[in-house]
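In the order they appear, the protein sequences are chains S and L. Take the first sequence: its position 168, counted from the start at 1, is 158 in the numbering used here, and no numbers get skipped. Every position in the second sequence, counted from 1, becomes a number in the numbering used here once 17 is added.
A few of these clues could be false.
[What the hints assert, rightly or not] Taking lysine-lysine pairs in the DSS-like style, the calculated list, with each CA pair at most 30 Å apart, reads: (1) Lys358(L) to Lys403(L); (2) Lys217(S) to Lys14(S); (3) Lys290(L) to Lys159(L); (4) Lys175(S) to Lys135(L); (5) Lys153(L) to Lys14(S); (6) Lys330(L) to Lys371(L); (7) Lys324(L) to Lys300(L); (8) Lys84(L) to Lys40(S); (9) Lys397(L) to Lys72(L); (10) Lys324(L) to Lys103(L); (11) Lys190(S) to Lys135(L); (12) Lys184(S) to Lys135(L); (13) Lys330(L) to Lys184(S); (14) Lys84(L) to Lys175(S); (15) Lys397(L) to Lys217(S); (16) Lys217(S) to Lys153(L); (17) Lys175(S) to Lys360(L); (18) Lys330(L) to Lys360(L); (19) Lys175(S) to Lys358(L); (20) Lys324(L) to Lys360(L); (21) Lys397(L) to Lys360(L); (22) Lys330(L) to Lys290(L); (23) Lys135(L) to Lys217(S); (24) Lys324(L) to Lys403(L); (25) Lys40(S) to Lys135(L); (26) Lys190(S) to Lys245(L); (27) Lys103(L) to Lys371(L); (28) Lys84(L) to Lys184(S); (29) Lys40(S) to Lys175(S); (30) Lys144(S) to Lys175(S); (31) Lys360(L) to Lys371(L).
Please keep in mind that the hints were generated in silico from the structure rather than gathered at the bench.
Letter by letter, the chains look like this.
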Amino acid sequence: MNIVALLRVVPDVVEELEIAPDGKALDSEFLRLVISETDDHALEQAVLLKERLGGTVTALAIDAPEIDETLYGALARGADRAVKTGDAEMNLSARAAALSFAAAIRDLGPVDLIVTGAQAIGDLDGLVAPMVAYYLGMPYLGTVTGVAPGASGKSATVIREFPGGVRGEFDVPLPAVLGIQAAEKPPRYVPVAKVRAAMKSQSIATCGVATAAESGPPVVEVLSMAKPEPSGHAQMLEGDPDVLAARICELMGARGLL
Amino acid sequence: MASTAAQCQLDSVSGMTLDNILQFPEGHRILSCIQCGVCAGTCPYGDVMEYPPRKIIAMLRAGMVEKVFHSESLLNCVACYACMTKCPRDIRLTDILLPLMKEQALMHLPELPAELQKALQNTLRYGNPMGESSRKRAAWVKNAPVPVPIMNEIRRPVDVLWFVECYTSYYPRGQDTARATARLLHAIGADFAILGNEEKCAGECGRLTWEPGLFETLTDYNMAVFQKYQFNRMVASCPHSYNAFQRRYIPLGFTWPVDPVMAYLAYQIEKLKPLLTRKLNYKVTYHDSCCLGRFNDLYDEPRALLKAIPGVKLVEMVHNRMNSICCGGGGGGMWLDTYFKAKGHERLSERRVKEAVATGADVLAVSCPYEVSRFEDALKVLGFDKKMVVRDVTELLDEALEEQP
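With the hints as constraints, model all of the structure from the sequences given.
Structure below.
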């Protein structure tokens, strides 16, 4: 079974995010990027399937600063090859990213399964995976938490998660694109020594770069971006517990909560 | 265990692996093990390990060591140096043999406990185990009571490069220690500076916690930063980083004399003593940190500092000095509390705090940044938090300084 895991980076929210002077994007000066958490789960799921069923895993990432570290990490984790596509400078929209992924996947040769994160903090709509499926003419299932390819390799049983703790089981013909919500197990630890060894012995290929012209003009334009404004503050009450209890009742009563 | 230059060199044995361990004099020593079991007996978690150090050596000699890699025994090693200090054959368990075993265990364990995995990943990405932004490492300086110069801002040589370390930089109670240390360095007239946001974890726990690759990444980075600046000596807040510089960085070209803050201040006690004029009527018991005490013989320095404070009455716990019980934070234990708890093991910090409370002291004095949070939590869990407070020795010294700004 040949699996492709699609990887993208998103802003690292450990660092404080600032808005760029034009008010339309994040300020890139202090921005650090990190692999999207759900994409990391998709990669883990791909490696788990490979360990169980054999085959190959290709980690395919949209080019970005520090992306090589992520890709060497994927190789150290068990991916067989690492490929990057797209243009690091382009700050790709979901559609352009999907076009780049689709173009690269066509170059990669036969594929049975494509997995990627169901959502990303930069793509809460979760558009990339279904668009990749559309461009490749494959079926798509999202919010996936379990994958079990059938013995024939022609289809897979897929578990999807729905609101309210409801789960659904689906049969999907392969090849297909799956938006992974969570892998069966949290992404494993990759010893740094293994990453360093991968850097020495393996390399990253580039393919299928979709040009700006191919992806066309942006369909959606960002008009403005702003930090949320605090609308209220917590009020701290101090003093004797009995007096405070009465005060709390009074405040809640005034707001119609009692 | 005295730290002579010769021993430093022995520690530096690089290239030693489990496969070639017998080729090195330090490794060859495992053949002299008499299987007395003192290591397992003195190990604070010896009773819960399937393979305590004695068995590990026996299995290594019998070529059956694979089993150890697939067990969780080594997760319990808190790198407290108790086994190594007491070994009658001077076998280098804590700093050579067990780390080599742990490296193998990391490769074989199907899953690392999540907390430990996150700490290792954070240390690689952000330079600190808590996963805070590396750009906020020097944020505590803004609230420091005295100016704290930062190397890349002052652009001049200094006498003392103060290595602040992670918990002292980020953890709120650690920052209290940082501020106290800054005031003490200022009070004795030290010409000092810090690396600010350029500093990253020294990596001691990386080395002793399974991860030689992480350690190498951090040492490469830190050595390059040190080499950019001119300074005469280094002073380290965290005994673990002191340990790393003193033992593990020397073979990488680290040539500066280095002292833990405790020792640096103790060596200047004559300068410091006249400044300690505020009387503190505390009954204090001191917890020997493993890295300062057992591994570096620094038992008297922190005690001398405490005795220099007017009004302080120093009392000892049952286990003190070489027999001190580890707080449970070393060797990765700092990030295994949930794991220990899930396994039903007693937390070492709780065992230790019971001894501290039994002395009747009202202050538990510590010298390692791990200990503040560990003991404060343990006091709360056991309901002793009204009876006893945890203070770093520097915090007590700072409180005794006459002029509070």
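Outcome of the hint check:
1. Lys358(L) to Lys403(L): holds (24 Å)
2. Lys217(S) to Lys14(S): holds (11 Å)
3. Lys290(L) to Lys159(L): OK: Lys290(L) and Lys159(L) at ~28 Å, within 30 Å.
4. Lys175(S) to Lys135(L): Measuring from Cα to Cα gives roughly 15 Å; hence the hint holds.
5. Lys153(L) to Lys14(S): holds (26 Å)
6. Lys330(L) to Lys371(L): Roughly 19 Å separates the two Cα atoms, so the pair holds.
7. Lys324(L) to Lys300(L): At roughly 11 Å apart (the allowed maximum being 30 Å), Lys300(L) and Lys324(L) satisfy the hint.
8. Lys84(L) to Lys40(S): Given that 30 Å is the threshold and the Cα spacing comes to 26 Å, the pair holds.
9. Lys397(L) to Lys72(L): violated (36 Å)
10. Lys324(L) to Lys103(L): It holds: about 29 Å lies between the C-alpha atoms, which stays within 30 Å.
11. Lys190(S) to Lys135(L): holds (25 Å)
12. Lys184(S) to Lys135(L): holds (17 Å)
13. Lys330(L) to Lys184(S): Status violated; Cα separation ~52 Å.
14. Lys84(L) to Lys175(S): OK: Lys84(L) and Lys175(S) at ~24 Å, within 30 Å.
15. Lys397(L) to Lys217(S): Between Lys397(L) and Lys217(S) the Cα gap is close to 38 Å, so the pair fails against 30 Å, i.e. violated.
16. Lys217(S) to Lys153(L): With Cα atoms ~20 Å apart, Lys217(S) and Lys153(L) stay inside 30 Å; holds.
17. Lys175(S) to Lys360(L): holds (20 Å)
18. Lys330(L) to Lys360(L): Since the Cα atoms of Lys330(L) and Lys360(L) sit roughly 39 Å apart, the hinted pair is violated (cutoff 30 Å).
19. Lys175(S) to Lys358(L): Holds: Lys175(S) and Lys358(L) sit about 22 Å apart, inside 30 Å.
20. Lys324(L) to Lys360(L): violated (40 Å)
21. Lys397(L) to Lys360(L): holds (21 Å)
22. Lys330(L) to Lys290(L): Answer holds: Lys330(L) to Lys290(L) is near 16 Å, not above 30 Å.
23. Lys135(L) to Lys217(S): holds (28 Å)
24. Lys324(L) to Lys403(L): Holds - the C-alpha atoms of Lys403(L) and Lys324(L) are around 24 Å apart, at most 30 Å.
25. Lys40(S) to Lys135(L): Judged against 30 Å, a Cα distance of about 25 Å means the pair holds.
26. Lys190(S) to Lys245(L): Roughly 27 Å between the alpha carbons, so the hint for Lys190(S) and Lys245(L) holds.
27. Lys103(L) to Lys371(L): It holds: about 24 Å lies between the C-alpha atoms, which stays within 30 Å.
28. Lys84(L) to Lys184(S): Holds. Lys84(L) to Lys184(S) sits at ~22 Å (cutoff 30 Å).
29. Lys40(S) to Lys175(S): holds (14 Å)
30. Lys144(S) to Lys175(S): holds (25 Å)
31. Lys360(L) to Lys371(L): It holds: about 21 Å lies between the C-alpha atoms, which stays within 30 Å.
Checked against the numbered hints above, the structure breaks hints 9, 13, 15, 18, 20 and satisfies the rest.
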